[in-house]
Structures are given as structure tokens and as C-alpha cells.
Amino acid sequence: MKRLSDRAAFEQYAAEARARWERLWSEDQWVISVGISGCSIAKGALETYRNLSLHLSEGHIPAVLRQVGCGGWCFAEPFVEVKLPGHPPIVYGWMTTDRVPELLDALRRGDLRPDWALGVRAAGAWHGIPPLTEHPFLRRQRRLLLEHAGIIDPESIEDFIAIGGYRAFLKALFEMTPEEVIAEVKASNLRGRGGAGFPTGIKWESGRRTPARPKYVVVNSHEGEPNVFKDRRLLESNPHLVLEGLLIGCYALETPCGYNYIGGEHALALQRFQRAVEQAYELGLLGDDILGSGFSCHVRIRTGGGAYICGEGSALMYAIMGQRGQPRTKPPRSVEEGLWRRPTVLNNTETFASIPAIIQNGGSWYASLGTKESTGTKLVTMQGPVKYLGVAEIEFGLSMRELIFDVFGGLREGYRLKGIQTGGVSAGPLREDELDVPIDFEALTPLGAMVGSGGFVAFDESVCAVDFARYLVAFSRYESCGKCTPCRLGTPALVEILDRIRHGFGRPEDLDIIQYASKHIIELSLCGLGQVAPMPLLGMLERFRDEFIEHITERRCRAGVCPIAAGEPLSVGR
Amino acid sequence: MEERETARREIDLQPLRRILEERYRPRDHQEAQELVVGACQEAQHLYGWVPPQAAQLIAEHLGVTINRVYGLLTFYADFRTEPPGEHFLWLCHGAACYIAGSQKVVDALRTEYRLGEDGTTSDGLLTVHVFDGCLGACDLAPVAQLDHHEYIGQLDANRLRELVEELRACRRVGSNDETIE
Numbered sequence: 000m001k002r003l004s005d006r007a008a009f010e011q012y013a014a015e016a017r018a019r020w021e022r023l024w025s026e027d028q029w030v031i032s033v034g035i036s037g038c039s040i041a042k043g044a045l046e047t048y049r050n051l052s053l054h055l056s057e058g059h060i061p062a063v064l065r066q067v068g069c070g071g072w073c074f075a076e077p078f079v080e081v082k083l084p085g086h087p088p089i090v091y092g093w094m095t096t097d098r099v100p101e102l103l104d105a106l107r108r109g110d111l112r113p114d115w116a117l118g119v120r121a122a123g124a125w126h127g128i129p130p131l132t133e134h135p136f137l138r139r140q141r142r143l144l145l146e147h148a149g150i151i152d153p154e155s156i157e158d159f160i161a162i163g164g165y166r167a168f169l170k171a172l173f174e175m176t177p178e179e180v181i182a183e184v185k186a187s188n189l190r191g192r193g194g195a196g197f198p199t200g201i202k203w204e205s206g207r208r209t210p211a212r213p214k215y216v217v218v219n220s221h222e223g224e225p226n227v228f229k230d231r232r233l234l235e236s237n238p239h240l241v242l243e244g245l246l247i248g249c250y251a252l253e254t255p256c257g258y259n260y261i262g263g264e265h266a267l268a269l270q271r272f273q274r275a276v277e278q279a280y281e282l283g284l285l286g287d288d289i290l291g292s293g294f295s296c297h298v299r300i301r302t303g304g305g306a307y308i309c310g311e312g313s314a315l316m317y318a319i320m321g322q323r324g325q326p327r328t329k330p331p332r333s334v335e336e337g338l339w340r341r342p343t344v345l346n347n348t349e350t351f352a353s354i355p356a357i358i359q360n361g362g363s364w365y366a367s368l369g370t371k372e373s374t375g376t377k378l379v380t381m382q383g384p385v386k387y388l389g390v391a392e393i394e395f396g397l398s399m400r401e402l403i404f405d406v407f408g409g410l411r412e413g414y415r416l417k418g419i420q421t422g423g424v425s426a427g428p429l430r431e432d433e434l435d436v437p438i439d440f441e442a443l444t445p446l447g448a449m450v451g452s453g454g455f456v457a458f459d460e461s462v463c464a465v466d467f468a469r470y471l472v473a474f475s476r477y478e479s480c481g482k483c484t485p486c487r488l489g490t491p492a493l494v495e496i497l498d499r500i501r502h503g504f505g506r507p508e509d510l511d512i513i514q515y516a517s518k519h520i521i522e523l524s525l526c527g528l529g530q531v532a533p534m535p536l537l538g539m540l541e542r543f544r545d546e547f548i549e550h551i552t553e554r555r556c557r558a559g560v561c562p563i564a565a566g567e568p569l570s571v572g573r
Numbered sequence: 000m001e002e003r004e005t006a007r008r009e010i011d012l013q014p015l016r017r018i019l020e021e022r023y024r025p026r027d028h029q030e031a032q033e034l035v036v037g038a039c040q041e042a043q044h045l046y047g048w049v050p051p052q053a054a055q056l057i058a059e060h061l062g063v064t065i066n067r068v069y070g071l072l073t074f075y076a077d078f079r080t081e082p083p084g085e086h087f088l089w090l091c092h093g094a095a096c097y098i099a100g101s102q103k104v105v106d107a108l109r110t111e112y113r114l115g116e117d118g119t120t121s122d123g124l125l126t127v128h129v130f131d132g133c134l135g136a137c138d139l140a141p142v143a144q145l146d147h148h149e150y151i152g153q154l155d156a157n158r159l160r161e162l163v164e165e166l167r168a169c170r171r172v173g174s175n176d177e178t179i180e
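Line by line, the protein sequences give chains U and W. For the first sequence, numbering that gives the first Met the number 0 assigns the number 0 to the initial residue and increments by one for each residue that follows. For the second sequence, numbering that gives the first Met the number 0 assigns the number 0 to the initial residue and increments by one for each residue that follows.
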């Protein structure tokens, strides 16, 4: 790859990339794309890829075999997209190795196998195959960040540029001042996607106002919650989009220092982002004097080793600095004193990925999406026994009921919805009868629920509220960094009380002790994680109080999950 | 057990030294500190754990104290300072897996296989790491990852037992092969 020296060189490269991209789809050949991402690898996508490669060469089929990222439809993995000459691309789900030869044979016979198709990438139906966008899982989605996920090769900067990538960065770099960039971000009312929902533009502006140098811009791709996997899918499917957002952030702060902190356990996300950074350096979109503009930017990737706390801002910065990731008291806020005690702007992966579209289309366009206070789109993941499990991107304002029953298809047969755990481990659940609430940052708060990072868990009658609450609090206990006492000692105390109740040794006053201890933990903990650790428990207690009381007074667990049901003696385990 | 003792003694530091010299060349002390965790990950990738010799080498190479290195090794859940068993099982205990019953699998492991402090079975066959985050393969819940590549989905206590038996059987076959050679 040749390093591009100026904007004209980039335009030429982009034109060539686009021409190549269009040729790929118009030439007289088969184009077969296999979704390779964390979830599909788990379901055998690599074998499907190898098998396809073998059968294509054995059958002498002139074909281009590509890898793409994740389309979000985990339920249909591994998926294969086939573009035959004269046909639009058709996406096939559940393409395990045993189905590969059968599919290829059928296609050669001219049989498009509509029964295996998820949909066709076209505006209308094609030989009995409905458009992909009409699939129930995709119909209610609004895809900005995932628009090209599952279409472009995440390890190819050329693919990304062919579909219009890095245009927003160039627009900012050559046509806008850093102040104008920040003004657009402010106008978009984009709010932090990591959970807290702080307005991004205001954060950038305060970072810009702080005079000390150097400044740092950091992507938080740690993602350690037990029910969220959206950031790593984004990095696996379109890493350049995140990198472009980071570059625009660095430009707005006029700093050459960008970081991405990626959880060490997300190996593929890490590898693909690394590759993206290397390619951007090779092409001259990173490094010194980018495209002759005089602006320089360097991106470093740092990883952690499995500590949930490192997702907290100040802890994450200590982790980058090679210290134990433990939070500190605030103020000073990190925009004043963050990484290496310099002004640092830290945003979630998804926040950065939203930036290019804002710069490209304008802040007011973005603000027109979603609701008034929660603008734009949100990546959400739903876990539990739902029909269409996966990552979805929705406009804010969709109701929780629509999200569960329309987008994720409701619960699978034989399951009855009991509730939805919201906000990762940082908020309470919603009962089945409370689901008509719109998904935005404000509407969920009065109910003790939260959008958080967009990780929702649907649970059914087979889940015991007491046991689930224990699971969620036990997570916080295990992941407590141990720095401050309320969290270090408070969360084990809550788990101990819950264990007592689960084992049939609960006392009526235990419920008061839970309230009392939780209040202490919430008010006295040092960082956000401690302050919200008791929330899931308090939420469960409020929503399913009768179940707690049943455990205590009747020594009965209606779900049959708790050890009381089995008559097991009290033992303290994890 | 003997294998683990051997693993403890015989550590070839050469590959780690090469990686450090190639890719871990900090420009200043600030960057050196940023690289400690990454260097430890390289060591764990090479050896399956971070042996004391490797920790010492990393400390010397990056010019930080050995205390700093161990401070990090003991803070992060992913690092091992003891050699793992022959096989490594990453058991996902995320919310999706919990809903699907991973707690029973975790309990079965603890009671039936008497895991030690470091999660290794007493015969050194298997090291289990219960992963509190999410492996991101929720469609397969409860799910585990064996030896960093093979996924086992819809896991329950029975399937786990079968898996351990399979691993044991392979081990027996493996050692027979050696005697034939």
C-alpha cells in the first residue's frame, strides 16, 4: 500500500476502491461471503469457510470467497451470503458445514433454496425470498453503525473506503475547524453510550478548554459486563468506523494521542482493531502530517486482563498507565486530569462510532433521530430464551415491549416472560406488565431501570428472583476492586444475606437489613460501580417482593432453583 | 502432576525475549509502564501462565520493579501465576448462561472435580476458569471454550462429565502412543 500524500491522492484511491467494489458485484462470478465473528466462530463459521473453499475449487466454480463481520443475527449463525451472476445477494442462515455441499448443488441447479434464506439484499422479493430488511429481526431496526456490518470485510481498509469510509474525517480535517466539529457533536445531542449518558459534545468542549498538554482521547472498549457484547461485535465487524470516530475526536481536541483500551478477552475484536490501525498507518490516515494537513495522530492499543472495574473511567486510565485498575475520587474530572494527569476525553466505542455520521450529515440530522433528549440510535443486546438472539440497533423511543416482541421475536416456545433485567448489573428489572415504557435515558429511570450499555436479559418463570439477584450482586462482589470499604465489605454482606434466604435460613428482618446496607453502599462507595452494585437487588426486591417473603416465611422457592427446594444445608460458595 | 512440576522448572525464555525485543520497545518510561500488561499477556500466551522467570525478564526489560509486575498479575483475573492443567476450560457465567443454568455446571465442577485454589483438577488434567463477563456466544448458552478455540454449547453437568471423560481417554491413548514409540 502506498502512503497517500494529500487529499487528491485519497480521492483517487477512494475512486479506485469504489470501482473495484462495484466490479466485484457486477462481474460474471459468484461472490460468497461468510460472516466470521466471535459468535459465528463459536458456531463453526471457520469450518464453513474452509468447507466452502474446498467445494468451490473441487466444483470448479469461479467464485470470490470473502470474509465479512457479524450481521447481528446470532440466532442464524453461521451465515453465508451468496451473490450469483444476475441475482442480488442472498443471505443464508444456519449454514453449518453439512449444509454447504447441498446449498452449492442446489444453487448450481438454479434452486435458490428459499427455505434456508434469511432474506435477499434487494428492495423487493426475489424468487420467493423476501427482502432482508423485511425480516422480523431487522424490520424495526434503524442501522447506522451496523449499516455495513456483515457486508464489508472488516480487515480491509479498501472495503471501508469504498463504501464511503473516512469521508467524515476528511471533511472535518479539511473543511471544519475543531470548534465546528465540537459544535456539530453538541448539536447532535449525542450522549455517552457506555451507560451514564453524559453529553459527548460538552465533554469534548471541556476537554478542549483545559489548557494543559498533551491531551488524550481514549476509546473505552473494555466491555466487561456479564450481559453485553455489542462493542466487540462492532469492532469485529467495522473497526475502521471506531477508528474514524477516534481520529475526529483527536482532531477536535487537537491532540496527536489516541488510545483504545480493549478488554484482553475480546481477542478477535483486538486483532481486527489492531489490523485497522496498521492499515491506517500504511495508507497515511494515521501518523505525522496526515494527508499533508499538518495534523498528526497516533493511536495506541492497550488491553486489560479481565477486571470488570477497568471499564470505570479513572480505573481504566490507571490500567493504561500500568497500575492496578482502581478508581479514584473525583474531582478532578478526567477532562481536567486523566491519563498521565493530563486532560483526557474518554468515550465508549459506540459513541465514537456514531461520530462519523454526525460529521457527515450534520448534528441536527442526528438530533432528529430518536427522542428529544435521547437522540440517535443504540446498539442493544438481548439475552435469555428469546427467538432472535443477537445485536440490534434501534432508534431511541422504541418501547421495551416492541424491542422484545418485535425485534427479538419474543420468547421461544414453552417460555413465559417474567421480566427483563436492564442496564447490565447496574439497574433493576422491569416486570412483564411494565414493558410499555420507551427506551431512552430518562424514561426508565423512575422505574429503577436503565438503558446502560444496552444489555438486556429476558428471563422466564424458571428463574428465581432471589437467586438472580444473588447472581447479579455476586458479580459485583467478585469484581469489586477492594479499594473502598462500603463496596468491598458491603457487597459480600448482601450476598451472605441472600445466601441465607436461598438456603431457607432467612429472617423477616433480612429485607430491612438489605435496604439499610444497600443505602450505605450506594451513598458511600467511591466509584460508579459500587454506587450501583445493590441496584439489581433493590429492583428485584421491589418487583418480586412476594418471592423473597415466600423464601423466608414459607421456605419455598417457586422456581425450584434455590437450595431450599432441595433441602440442602447452608454452605458458603461462589 | 509431574508434568506441572516440569513445566515449573523448564522455561525457555528465548521466545519471550525475542518478542520483547521486537515489539516491546518503549520510547520512554511512561510507555514502558503502559506495556507491562501486554508483555505479561505475551508471556501467558507462550507458556500458558506467567512463570516467575518471565515476570523477572519483563520487569528488567521494561525497567519497572518486579512488585509492579506481580501487582498486575495478581490483580487481573486472566493471569495465572501457576502452571495450568493440560487442558484449559473457560466456562462462561454471563447472564445468558446463568439464565440457561450455568450455575449448576459451576457447582458440579466444584463438588465433583475438587478444583484447587487455581481451578485445576487434582490430577492436573483440566484448569477451569469461570468467566464472569460474557463470551459473546449467547446463542449456545451455557457455553464453554476449551483450549482457547473449541466451543461447547448447551452445556450441563452431564455434558461436562462426558467432556472430562473424553479428555481423560485421549490422555490415556496419548501416553500409550508414547510407549509404543
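A few of these clues could be false.
As the list claims (entries may be wrong) - Label pairs and their calculated CB-CB ranges:
{"no.": "1", "chain 1": "U", "residue 1": "ALA266", "chain 2": "W", "residue 2": "GLY62", "range": "21 to 31 Å"}
{"no.": "2", "chain 1": "W", "residue 1": "LEU124", "chain 2": "U", "residue 2": "PRO507", "range": "21 to 31 Å"}
{"no.": "3", "chain 1": "W", "residue 1": "LEU12", "chain 2": "U", "residue 2": "GLY286", "range": "57 to 67 Å"}
{"no.": "4", "chain 1": "U", "residue 1": "LEU53", "chain 2": "W", "residue 2": "GLU111", "range": "48 to 58 Å"}
{"no.": "5", "chain 1": "W", "residue 1": "GLN55", "chain 2": "U", "residue 2": "ARG19", "range": "47 to 57 Å"}
What the hints assert, rightly or not - Some chain W residues close to chain U (C-beta under 7 Å, calculated; not the full set):
{"no.": "6", "residue": "ALA58"}
{"no.": "7", "residue": "ALA76"}
{"no.": "8", "residue": "ALA95"}
{"no.": "9", "residue": "ASP146"}
{"no.": "10", "residue": "TYR150"}
As the list claims (entries may be wrong) - To give an idea of the interface, some chain U residues facing chain W are shown, with a C-beta separation under 10 Å as derived from the structure:
{"no.": "11", "residue": "TRP20"}
{"no.": "12", "residue": "VAL456"}
{"no.": "13", "residue": "PHE467"}
{"no.": "14", "residue": "ALA473"}
Don't read these hints as lab results, they were simulated from the structure. In this text, all values refer to a predicted model and were calculated from it rather than measured experimentally. Heads up, the beta-carbon is just placed ideally off N, CA and C, and yes, glycines get one too.
Going down the list of hints, with the structure as the test:
{"no.": "1", "hint": "U:ALA266 x W:GLY62: 21 to 31 Å", "verdict": "28 Å, holds"}
{"no.": "2", "hint": "W:LEU124 x U:PRO507: 21 to 31 Å", "verdict": "47 Å, violated"}
{"no.": "3", "hint": "W:LEU12 x U:GLY286: 57 to 67 Å", "verdict": "34 Å, violated"}
{"no.": "4", "hint": "U:LEU53 x W:GLU111: 48 to 58 Å", "verdict": "41 Å, violated"}
{"no.": "5", "hint": "W:GLN55 x U:ARG19: 47 to 57 Å", "verdict": "51 Å, holds"}
{"no.": "6", "hint": "ALA58", "verdict": "11 Å, violated"}
{"no.": "7", "hint": "ALA76", "verdict": "4 Å, holds"}
{"no.": "8", "hint": "ALA95", "verdict": "4 Å, holds"}
{"no.": "9", "hint": "ASP146", "verdict": "13 Å, violated"}
{"no.": "10", "hint": "TYR150", "verdict": "4 Å, holds"}
{"no.": "11", "hint": "TRP20", "verdict": "29 Å, violated"}
{"no.": "12", "hint": "VAL456", "verdict": "4 Å, holds"}
{"no.": "13", "hint": "PHE467", "verdict": "7 Å, holds"}
{"no.": "14", "hint": "ALA473", "verdict": "9 Å, holds"}
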